[in-house]
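Visitor: Each chain is listed here by its residues.
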Amino acid sequence: MAAKIAVRNLWKIYPTPDGPLSVLEGIDFTVAEGEFVAVVGPSGCGKTTLLNIVAGFEPGDRGAVAVDAVPVSGPSRKGIVISQQGSVFPWLTVRRNLMFGLDGLPRQEKRRLADHYAELVGLKGFEEAFPYQTSGGMLKRVEVARALVVKPEILYMDEPFAALDALTRVRMRLELLRILAQEKHTVLLVTHDVEEAIHLADRILILSSRPASIRSILKVPFAQPRKLTSPEFIELKEQILRELGV
Amino acid sequence: MRGKTKILAPAVLVSVLVVLWWAAVAVSETIIVPTPWRVVLGIVELARQGTLLDHIAASLFRVGSGYLLAAALAIPLGIFMGWFHGLFAALNPLTQILRPISPIAWIPLAIIWFGVGNMAPIFLIFLSSFFPIVLETTAGVHTIERQYIRAAQNFGVGGAALFRQVVVPAALPHIIVGMRISLGVAWLVVVAAEMIALKSGLGYLIIDSRNAGNRYDLVVAGMAIIGVIGLVLDNAMRRLERLKEVRWKYGR
Ligand SMILES: Nc1ncnc2c1ncn2[C@@H]1O[C@H](COP(=O)(O)OP(=O)(O)OP(=O)(O)O)[C@@H](O)[C@H]1O
Ligand SMILES: [Mg+2]
Chain Z
1 MAAKIAVRNL WKIYPTPDGP LSVLEGIDFT VAEGEFVAVV GPSGCGKTTL
51 LNIVAGFEPG DRGAVAVDAV PVSGPSRKGI VISQQGSVFP WLTVRRNLMF
101 GLDGLPRQEK RRLADHYAEL VGLKGFEEAF PYQTSGGMLK RVEVARALVV
151 KPEILYMDEP FAALDALTRV RMRLELLRIL AQEKHTVLLV THDVEEAIHL
201 ADRILILSSR PASIRSILKV PFAQPRKLTS PEFIELKEQI LRELGV
Chain A
1 MRGKTKILAP AVLVSVLVVL WWAAVAVSET IIVPTPWRVV LGIVELARQG
51 TLLDHIAASL FRVGSGYLLA AALAIPLGIF MGWFHGLFAA LNPLTQILRP
101 ISPIAWIPLA IIWFGVGNMA PIFLIFLSSF FPIVLETTAG VHTIERQYIR
151 AAQNFGVGGA ALFRQVVVPA ALPHIIVGMR ISLGVAWLVV VAAEMIALKS
201 GLGYLIIDSR NAGNRYDLVV AGMAIIGVIG LVLDNAMRRL ERLKEVRWKY
251 GR
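Chains Z and A, in that order, are what the protein sequence lines are.
Residues in the first sequence are numbered from 1 upward in steps of one, following the numbering used here.
Residues in the second sequence are numbered from 1 upward in steps of one, following the numbering used here.
Keep in mind that the hints were calculated from the coordinates and are not lab data.
Values in this document were obtained by computation on a predicted structure and should not be read as measured data.
Do not rely on the hints blindly, as some may be mistaken.
[As the list claims (entries may be wrong)] Subject to a maximum C-alpha distance of 25 Å in a straight line, what follows is the list of computed SDA-like cross-link-like pairs (lysine to any residue):
hint	chain 1	residue 1	chain 2	residue 2
1	Z	Lys-219	Z	Ser-76
2	A	Lys-199	A	Phe-84
3	Z	Lys-78	A	Gln-165
4	Z	Lys-110	A	Ala-161
5	Z	Lys-184	Z	Tyr-132
6	A	Lys-244	Z	Arg-171
7	A	Lys-249	A	Leu-109
8	Z	Lys-78	A	Leu-109
[Unchecked claim] A few chain Z residues that don't get close to chain A, going by computed Cβ distances all over 12 Å:
hint	residue
9	Ala-6
10	Asn-52
11	Asp-61
12	Leu-92
13	Asp-103
14	Glu-128
15	Gln-133
16	Glu-143
17	Asp-158
18	Arg-173
19	Ile-217
20	Leu-228
21	Glu-238
Using N, Cα and C, we set each Cβ at its ideal position, and we do this for glycine too.
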């Protein structure tokens with residue numbers, strides 16, 4: 001079976017006032033249909049850059065990125081990005097945000113879908129709220145729901161829960177797992193939270209510090225639900241942290 | 001601030017100033033500067049004559065026409081200047097040159113071009129309103145965070161829909177600030193513009209009151225009315241800033 005996402009020998013060099021800055025050096029990996037792959041790496045190593053290139057927002061300088069064996073030439077609804085900074089439109093209500101990507105459908109249908117996904121992520125009752133009236137955790141839920149509602153085949157998540165408190169972070173992971181069990185998506189998650197990666201992913205890609213290259217790719221051998229405190233879990237976490245040089 | 005203090009504090013300050021004014025007139029025994037009471041009587045007199053509302057209407061009409069015309073042109077121009085770097089590079093130097101020229105400096109040319117009818121003040125209002133709106137709108141587009149544009153593109157929203165659904169609403173808080181600033185300037189300018197050879201408007205009222213018998217009570221009455229209308233206009237614009245669609249940018 002062909003890979004859902006195929007990244008082949010990808011290089012990225014940014015021109016800067018101080019000369020060229022090499023960020024990605026020969027990144028090579030694939031993601032299978034329905035697979036959950038996490039990318040971990042030190043801060044500033046090029047994780048966001050990698051995600052943006054795969055999602056079509058930036059070109060690579062060398063190498064190839066393909067989704068469903070078609071070279072990526074720009075962003076598409078096939079894969080929705082949940083960005084690091086958050087991109088919920090502050091001028092729209094929660095419901096309007098969820099309806100944003102549904103242009104072309106009849107109004108009632110848009111609204112029905114929006115409300116369905118609002119409920120799915122636990123936002124029932126907040127459909128009419130504006131983003132500034134919600135909490136950080138709720139904003140992330142809005143962003144996840146807004147991505148899900150267009151039924152993308154791929155979710156690109158860039159540190160989606162990094163800004164949340166520890167408790168909310170774990171709760172959001174569990175909810176994401178619950179949703180993914182219902183709706184099969186391929187997921188590429190960028191994070192520097194090793195526990196989050198092990199908790200969620202089928203495979204983990206470990207990047208070196210900038211310029212990023214792949215240090216190793218490992219399979220997470222635990223079935224869901226995973227127990228964060230099991231000796232094997234902690235063992236794997238320590239192994240990955242060692243690889244990251246912690 | 002609590003709602004009560006918000007009204008009480010300025011009210012106390014104004015009362016104190018009025019008392020000081022009254023005392024100053026009494027102590028100096030001036031016969032030129034009127035007491036607050038004579039100003040109030042002046043306003044009553046103007047209202048009785050029935051011309052006051054006509055003067056106010058004339059001024060508001062000129063401000064309204066020039067201001068709305070300016071907004072109708074400046075908002076689209078500012079959006080495009082903010083979005084298209086080439087257009088910004090081409091037009092920004094020109095706006096920066098024209099912007100600091102006081103609308104008052106245009107009065108002689110305005111009279112040559114438009115005569116002494118309504119058109120000259122409307123033109124001056126237009127000029128004074130145009131640049132603040134262009135600048136703020138452009139700044140509003142320049143400060144749109146990239147992730148909003150990217151999210152829209154991710155959902156396949158581009159072209160005119162991108163402007164309508166993302167660029168304009170994202171820039172709207174800035175646009176409203178520009179419109180508030182320029183309405184203040186417009187009101188400032190209409191009074192100055194009406195002091196030249198028109199037969200109506202609050203500016204004319206002031207000049208005419210002095211020329212026809214040094215009625216300084218009516219001069220100050222005109223000034224007070226201008227101030228109060230300015231306050232009302234500003235409050236109306238501030239109301240726009242409280243819309244939920246734009247509140248996010250102003251920090252609650
Ligand atoms: N457009 C750009 N122009 C120049 N340099 C850039 C650009 N975007 C990113 N960089 C640089 O590339 C490097 C990698 O950035 P990137 O955002 O991909 O890192 P990251 O791994 O996502 O970091 P973090 O963990 O902090 O989110 C950084 O040094 C950054 O300064
Ligand atoms: Mg990043």
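Visitor: Does each hint fit the structure? Answer for all of them.
Guide: Right, here's what the structure says about each hint:
1. Proximity of Lys-219/Z to Ser-76/Z is assessed by CA-CA distance (about 29 Å); at most 25 Å being required, the pair is judged violated.
2. The hinted pair formed by Lys-199/A and Phe-84/A fails the criterion: a straight-line CA distance of about 45 Å is larger than 25 Å.
3. With a C-alpha separation of about 21 Å, the suggested pair Lys-78/Z and Gln-165/A falls inside the 25 Å cut-off, and the hint holds.
4. This hinted pair checks out: Lys-110/Z and Ala-161/A have alpha carbons roughly 17 Å apart, not beyond 25 Å.
5. Between Lys-184/Z and Tyr-132/Z the CA atoms are separated by roughly 31 Å; this puts the pair beyond 25 Å, and the hint is violated.
6. With a CA separation close to 30 Å, the supplied pair Lys-244/A and Arg-171/Z exceeds the 25 Å bound.
7. Between the alpha carbons of Lys-249/A and Leu-109/A the distance comes to roughly 40 Å, so the proposed pair goes past 25 Å and is violated.
8. With a C-alpha separation of about 59 Å, the suggested pairing of Lys-78/Z with Leu-109/A is violated against the 25 Å cut-off.
9. No Cβ of chain A approaches the Cβ of Ala-6/Z within 12 Å, the least distance being about 20 Å, so the stated non-interface status holds.
10. Non-interface call for Asn-52/Z relative to chain A: violated, since the shortest CB-CB distance, roughly 8 Å, does not exceed 12 Å.
11. Every Cβ of chain A is farther than 12 Å from the Cβ of Asp-61/Z; the closest lies at roughly 20 Å, confirming the non-interface assignment.
12. At roughly 8 Å from the closest C-beta of chain A, the C-beta of Leu-92/Z falls inside 12 Å, breaking its exclusion from the interface.
13. Taking the minimum C-beta to C-beta distance to chain A, about 7 Å, the non-interface status of Asp-103/Z is violated against the 12 Å cut.
14. Against chain A, the non-interface label of Glu-128/Z is violated: not every CB pair exceeds 12 Å, the least being about 10 Å.
15. Distance check for Gln-133/Z against chain A: the nearest CB is about 8 Å away, which does not clear 12 Å, and the non-interface claim fails.
16. Consistency note on Glu-143/Z: stated as away from chain A, yet its beta-carbon is not over 12 Å from all of that chain's, at 9 Å minimum.
17. Under the 12 Å C-beta cut-off, the non-interface status given to Asp-158/Z relative to chain A is violated; the minimum distance is some 10 Å.
18. The claim that Arg-173/Z is not at the interface with chain A holds, since no C-beta of that chain comes within 12 Å of its own (minimum 22 Å).
19. Every CB of chain A lies more than 12 Å from the CB of Ile-217/Z, the least distance being 27 Å, so the non-interface label holds.
20. The claim that Leu-228/Z lies off the interface holds: its Cβ sits roughly 30 Å from the closest Cβ of chain A, which is beyond the 12 Å cut-off.
21. No beta-carbon of chain A comes within 12 Å of the beta-carbon of Glu-238/Z; the shortest separation is about 34 Å.
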